[in-house]
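Trainee: In this text, residue positions in the sequence shown follow the numbering used here: the first is 10, and each later residue adds one.
It is worth saying that the hints were derived from the structure and are not from the lab. Do not rely on the hints blindly, as some may be mistaken.
Unchecked claim - Estimated spans, in silico, between C-beta atoms of each pair:
(1) Pro32 with Ser82: 18 to 28 Å
(2) Arg27 with Glu70: 18 to 28 Å
(3) Gly96 with Thr14: 20 to 30 Å
(4) Arg60 with Glu89: 32 to 42 Å
(5) Asp95 with Ser71: 34 to 44 Å
(6) Ala93 with Thr14: 13 to 23 Å
Virtual Cβ for every residue (Gly too), placed ideally from N, Cα, C.
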Amino acid sequence: MTQPTAPVLLLTAWHLPRVRSMPRAFWLARRLDRDGRAAPGCVRMHRWISRRSVLLTSWWESRDAALAWRASSTFRELDERLRAIDGVEARVELRGGEDAES
Numbered sequence: 010m011t012q013p014t015a016p017v018l019l020l021t022a023w024h025l026p027r028v029r030s031m032p033r034a035f036w037l038a039r040r041l042d043r044d045g046r047a048a049p050g051c052v053r054m055h056r057w058i059s060r061r062s063v064l065l066t067s068w069w070e071s072r073d074a075a076l077a078w079r080a081s082s083t084f085r086e087l088d089e090r091l092r093a094i095d096g097v098e099a100r101v102e103l104r105g106g107e108d109a110e111s
């Protein structure tokens, strides 16, 4: 009997320099959240938004599914649009899978 594998965690964060940028970032993150939930291999998505930060946490069935989502045109396009906001700090981090960190 095989052990069930733990989901792979993909952390995505955008920190904005000004509150004025938030409406645009909110709608882009909402679309990314919605599209991610429909992506193959997505176990769960969670969106957290504060005054100047957008955090999108997603759990994936496998590392390959997480990497496929990160490489998808939908993710890349919206990530690039969020990074295009002047002064934004962005981070994408993958945890778990084959080379899991402790």
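Trainee: Can you give the numbers of the hints that this structure goes against, from lowest to highest?
Mentor: 2, 3, 4 and 6
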